[in-house]
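Asker: In case you want the letters, here they are:
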Amino acid sequence: MRRKATWGILGLLALGSLWAYYMGDQTGRVAENATAFTIDTRDPDSVVLAQSIAQGEESSSSFVIDTRDPDSVVLAQSIAQGEESTTSFVIDTRDPDSVVLATSTAVVEESASFTIDTRSADPPTWGETSNAFTIDTREADAVVLALSIAQVEESPSFTIDTRDPLPLDSDNDGIHDFWEQMYFGNIFTYNLSSDPDGDGLSNFAEFAFGTNPTEYDDVANGPSSINVAIRLDQVGGVWVVSLSYPRHVLAANSVTYTFETASSIAGPWTNTTASWVEVGNPVTLNGYVERVTVAMPLPSKPTQIYARVQATRK
Amino acid sequence: MKLPKSAIPWLLLCLSLPVLLAQGTATSRAVGVLSTDVPTGLSGAQFPIIPTDSLISLVAGHADAGIAGKRVHNIVLMSSSTPASALAIGVSYYLEVTNGALEGERLEVDEVRTAAATPGVLVIDLDDANSTLQNMAAGSLVGMKVALRPHMTLARLQARITPALVGNNTAALADSVLVFTSASSVTYYLRSDGLTWRKAGSTTDFAGMVIPPDQSVMLQMRSGAKELRQEGMIRANAFRMNIKAGVQSAATGFPDSISPIEFGATTNLIAPQLTTWVGNNQQSLADGIMVFDPSKGSFVTYYLRGDGVTWRASGSTVDLSASKFLKPDSIILIKRRNPDDKGLVPRPY
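Protein chains in written order, with my numbering: chain A, 1083 to 1396; chain B, 2 to 350.
Where hints are given, some of them may not hold.
In silico lysine to aspartate or glutamate, DMTMM-like type, Cα no more than 20 Å apart, as pairs [as the list claims (entries may be wrong)]:
no.	chain 1	residue 1	chain 2	residue 2
1	A	LYS1383	B	GLU232
2	B	LYS328	B	ASP294
3	A	LYS1383	B	ASP308
4	B	LYS336	B	ASP308
5	A	LYS1383	A	ASP1315
6	B	LYS343	B	ASP126
7	A	LYS1383	B	ASP38
Note that these hints are calculated values from the structure, not bench results.
Model the full assembly from the supplied sequences, consistent with the hints where possible.
Answerer: Here it is, written out as structure tokens:
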């Protein structure tokens, strides 16, 4: 009897885990109506829909997305289309590479929500001038919305709520879908503890600290990007230790960062997160990685102080 | 083939493990600040803090460069960034092995050859005295993780001292750095222009002269007390020293004070007899460590006793083998009877 119960519990556990792994957390739905609907970026279907994103429409300034179109997958592969080399770029909706439209919605971050009317030749919320407009890739949220845009489906317009703090993680593996799509081309091959490039950093570590999970090169995102930097300054008579660390822009909302300090490298390490304050705005290293600086006042000048950053999945 | 019924629960458990064991935490490498007082007069200094890792990668290929009469090797890194692009102009670098059988070895980078090499190739020079390995079989680095790190130089040291050093064209009046080679020291002094460094009898500018990580130096401040502040990363791998016979400058590689035992300064009964530390109850016959004491203006001498483990200060009967007298803000000289090109300080934390 006991053996049967054990078998049953383990079976349910495994099936539940596998179901969660492959299907994702089925929370959040698209609330559609006739001509407009709201997109919830937590919706697990978003990723699938994202595949259809820029459905060509090379010929006009407005476009229709047909999620049934088999070609849409190809376009999805370019969704993040780099643009790392410049801080801004121009999109022409007539361009056959119009997939970059996926990242363009984020320029509209000033308000909590906005509506895109796909029937309009010149949707004003996109800040367009005629058929072309500029995207600033330094915008921290630029990628968050990218995956939701394709929720257009059959309706000619839709609403995106930019206040949604939860990045999309359809397969519930702890890693944002956009990040997985960007590096692996799909969301199912790896989870947060995978280390596909074998550099000793898990996918979660690479996500949290903004490194490339497919290249054995911790500084791929620019000089010193993996390096946590520390400095000691005297500001207005107060000794201040500051720490800066890189993170993926999407990690800002899905990872909790805590700070530990010690007076000896051998420890003990103390969680001093409450004493640190963020200094200024994060500085973008490229379109997807930013450097955050935090500082902590000290009662006196230390002869030695050590610090490290701990990232934990929310 | 049919699975036995009893194996099914375990199979299901194994299937669920990848999800159950998924880890959602990550910790960055430790960074630190080491601030040391530099008093007027003589004092010591070491440089255990790494300003930054310019590149971290895995070695994919390793071959002798085939330059006649030279021990120059080509290293191919599994990296998207080319090694040459990671090198800043005018900066000297070393490649430190951070894991594997050669963990801790430091290999001097030939910056000029790297710049001219095929993209993706880093050139190392084993003939350089600062390389901890002078001989290495081709291929032996393959599969190991390495970090490209900038060297400390006189100019970089100067930049870390506040208030600023004061130079003088008369050596005896200038702020200076004493570098020990064997049993003697060479004094480098800052010139009046505040940029160039010279040694007596030379007109060469030594501002770019490398102070390797395993060397401590003596600072001679004539313009008043200063602070030496080092900020950066902490070494997370074991530290290597290519120990010569005789007296030489040494450094521990880590910012915490450590004991002689942590420094590896004991007789290794397994190692070849001619490479290990030699103890003797008669101080003059024993290997020793000398640590400069700025308050006394002289070195305190310690020696290894005949048991190969006990350390005593000269004239004392107290065992100091566990005493952390090897401090990061001191100059350390070691006196060795045996050379050991595999000297190793294990990571002390």
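Asker: Hint by hint, note whether the structure agrees.
Answerer: Structure-based check of each hint:
no., hint, in the structure
1, LYS1383/A - GLU232/B, "14 Å, holds"
2, LYS328/B - ASP294/B, "11 Å, holds"
3, LYS1383/A - ASP308/B, "42 Å, violated"
4, LYS336/B - ASP308/B, "18 Å, holds"
5, LYS1383/A - ASP1315/A, "9 Å, holds"
6, LYS343/B - ASP126/B, "18 Å, holds"
7, LYS1383/A - ASP38/B, "11 Å, holds"
Comparing the model with each numbered hint stated earlier shows that hint 3 is the single one that does not hold.
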